[in-house]
Amino acid sequence: MKLTNGLSALALVGLAASAPVAAQEKPASLGFGIFTFTSGPAAAYGMPGKNAADLMIEEINAKGGIEGVPVSATYVDEAQGAQGVIAEYRRLAGDAKNQVMIAALSSANCLALAPIAEQLEVPTVGWNCDTHQLLMDGKSKYVFRPNGNTVPEFIAYAIYLLERKPDVKTIAIINPDYAFGHDAAKIFTAALKALKPDVQVVAELFPKLGSPNYQTEISRLTTARPDVVFSNLWGADLENFVRQAAPRGLFTSSQVILALGETVLQRVPLPDGVIVGVLGDGWWMSPDAKANAETAKFAESYKARFGEYPVFPSIKMANTLIYVKAAYKAAMQKNGGKWPTRAELADAMKGSKVATLTGTTQTRADNDGLVDQIVGVTMKAPAQPFPVIGEMVRYKGDSLMPQAGQDPLAWISMLKPEFAKSLPKPGSYK
Amino acid sequence: MSNAIIPLLLDSLASAALIFFAAVGLTLVFSVLRVLNVAHGTLYSIGGYVAASACLFIASRQLNPYLSFVALLFSAVFVAATLGPLIERSLIRWTYGKSEAVQILITFGLFLILEDLQRLIFGVQSFYEDAPMRLLGTTSIGGVVYLNYQILLIGLALLVVIGLRLLINHTRLGRLITAVVADREMAQSIGIDTNRIFILAFSLGVFLAALGGALATPTSGVAPGLGADIMVLAFAVAAIGGLGQIEGAAVASVIVGLARVLAIYWVPALDAVAPYAAMLVVLLIRPYGLFGSVTARRI
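Protein chains in written order, with my numbering: chain A, 1 to 430; chain B, 1001 to 1299.
For the record, the hints were derived by calculation from the structure and aren't laboratory data.
We put the beta carbon where it would ideally sit given N, CA and C, even for glycine.
Careful, some of the hints might be misleading.
To be verified - To give an idea of the interface, some chain A residues facing chain B are shown, with a C-beta separation under 8 Å as derived from the structure: (1) Thr-38; (2) Gly-40; (3) Met-47; (4) Arg-91; (5) Gly-94; (6) Ala-96; (7) Asn-98; (8) Ala-108; (9) Ala-112; (10) Lys-196; (11) Gln-200; (12) Glu-204; (13) Pro-207; (14) Lys-208; (15) Phe-251; (16) Gln-255.
Claimed, not checked - So these bits of chain B aren't anywhere near chain A, every CB distance computed over 12 Å: (17) Leu-1067; (18) Ser-1140; (19) Leu-1173; (20) Leu-1243; (21) Leu-1280.
Claimed, not checked - To spell it out: a stretch of chain B is covered by chain A in this simulated footprint if at least three of its residues, at any positions, have a beta carbon under 8 Å from a beta carbon of chain A; those stretches are: (22) 1024–1036; (23) 1118–1130; (24) 1214–1224; (25) 1264–1278.
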């Protein structure tokens, strides 16, 4: 009996000793949990992300997978709400096959998942987490954002607006009623007030996310007669807003800024002169993207498969997968060619600089990403049946970001008009 | 302030018109069948999907775009004719005389089934076809540009109120419905085919829901989840007006529309809660709604 117990103990010790080695052998397959909206009004934004992931994973596997390991994805629909998303995350993280989570689209879900990622020690890459609150404490070990955040994204619009319309006096805001909408309103307003203190906010509306009808809001915006209407509505909300506002003349009575306007260019006939952007550098037709053969191939494959060119959420997803693939390569170079553990993978992401389809993404010490910001205005293009972005500017990612640990709103309030003047001008990115 | 009054009133009426179409069918079904149909909102969104599909078909075949107006109406007729009798005979009739809890559970089950069926058939993406809205153009009132389609909706809602009142008061079917509402057993005993009345009344309710969805589609599109959102609003309207009251639904729609519009104009943070705050105030003063009354319970 004693001998049996002794053998069992030895076997357990042996198993325990061999576990780390086993964890670093190449697995038969590699799983990603990918979180996005695949149903509901937000699917208009989420599905392009999923489509891009499908296409990229196929392409990665066609080239032998990541470091020789084929990749598969399990998609989680964020439309089920935060509780369901958290439960799915925990379930997927419990399977050792799923080494990385690509989560999430909604800023609210990103904030909900971040502490769980740290607790479970699972590298989690926010493919569309924009809220600046995500990495503000600078303590994240496992949560990464290879995109820009709400601070550079919305400062970029304020700077572009003042360059294009320096005499702006009044603005109105219509954003979705949750963190992303409120953060954007705060940042855009703070930047404008810092750069042009006499600007007044004459209306601030926050309709419920998923609202189908904006007719009253459009009347309210029209009666306020603002010089500028700023919006970061997205998905079906944005499509509805544009379809309802365009015939009612909002785009002619005010200068409209649609921060996520690129996502609807191929679906809705936006008039010329609307300020739009891509919350980063992810436009498939930007000069840098056009110069990259891989991007052109991706755009054409996407168009052939899904019937339209990739919108910026698609590019964000594709770039995120490129980022994860690069992290595997870097981690294996660092550990002598062994398959990396989750911790080694996270370590490889920190401080990385990765070439993407549309530029580069650099990860700071606080795990936040530095990505350039492209802003422009809608205009007709003879080669395309839909409006494109013209008069573009490309702001360097680091020029619009506060230092790690710095309070973003305090940093914005210290911006001076000279700062804006030192940046590239609209139309300079050709 | 004075500049805002005309837009405010017009916005309230336009908003009320859309809400009214969703609520009046719910209240009509309740008044005749005594069933609170939780799946009513899904029938609204199915109407929207069918109408959008029909309008998209017309556009894709480059048919006369004015046919899309006909498509809106016939989509509602199609949904009512196919789903109305089917749902009433297969499911709703088993709930007659049962407790409210059973009725709500069964119709909630129906809501879940229809929502999933809708996803299977129409997918999860939004549907849009705004031809009816574009064709009618715009009008400037009080310095604000309105879609003529919005004004048309106000007129249509008014027509539905008048039409329903005429139907109930001045047609044979209306008198039969009134008899069934007044006393189901007595109506049966004098030879009224109550089953037929139930099918017709339920189908009329489905028609009104589907018509609401169809008419909303040209301006706001249709997407999964629309049914649940509109259902909550329809309940609020039905509660304010008094369950089973057609004119009550009309007045309550205006109250809800006005509450929402006032919030958007002056207290945007209360936009989402304004309709329910209005409901709370009305129910505190009149627990059975503006037009509702306490009825003696027959044993």
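Inset, instruction - Against chain B, run the beta carbon of Gly-94/A and see if the smallest gap drops under 8 Å. - result: 27 Å, violated
Inset, instruction - So, Phe-251/A near chain B? Judge it on the closest CB pair being under 8 Å. - result: 11 Å, violated
Legend entry - Cβ contact check, 8 Å cutoff: the stretch 1264–1278 of chain B against chain A, three residues minimum: The restraint on the stretch 1264–1278 of chain B holds, since 6 of its residues have a Cβ under 8 Å from chain A and three suffice.
Inset, instruction - Using 8 Å as the Cβ threshold, decide whether Arg-91/A counts as touching chain B. - result: 22 Å, violated
Legend entry - Interface hint compliance - Lys-208/A to chain B, C-beta minimum distance less than 8 Å: 5 Å, holds
Legend entry - Non-interface label on Leu-1243/B, tested against every C-beta of chain A at 12 Å: 25 Å, holds
Legend entry - Interface hint compliance - Met-47/A to chain B, C-beta minimum distance less than 8 Å: 7 Å, holds
Legend entry - Ala-96/A as chain B interface residue, shortest Cβ-Cβ below 8 Å: Hint violated; Ala-96/A Cβ to chain B Cβ min 31 Å, cut 8 Å.
Legend entry - Per-residue hint verdict: Pro-207/A, partner chain B, C-beta under 8 Å: 6 Å, holds
Inset, instruction - State whether the coverage of the stretch 1024–1036 of chain B by chain A holds or is violated, taking the criterion as 3 or more residues with Cβ-Cβ distances under 8 Å. - result: The restraint on the stretch 1024–1036 of chain B is violated, since only 0 of its residues have a Cβ under 8 Å from chain A and three are required.
Inset, instruction - Grab the minimum beta-carbon distance between Ser-1140/B and chain A and tell me whether it stays above 12 Å. - result: 8 Å, violated
Legend entry - Status of the hint placing Asn-98/A at chain B (closest C-beta pair under 8 Å): This interface hint is violated because 24 Å lies over the 8 Å limit.
The earlier numbered hints that this structure contradicts are 4, 5, 6, 7, 8, 9, 10, 11, 15, 16, 18, 22.
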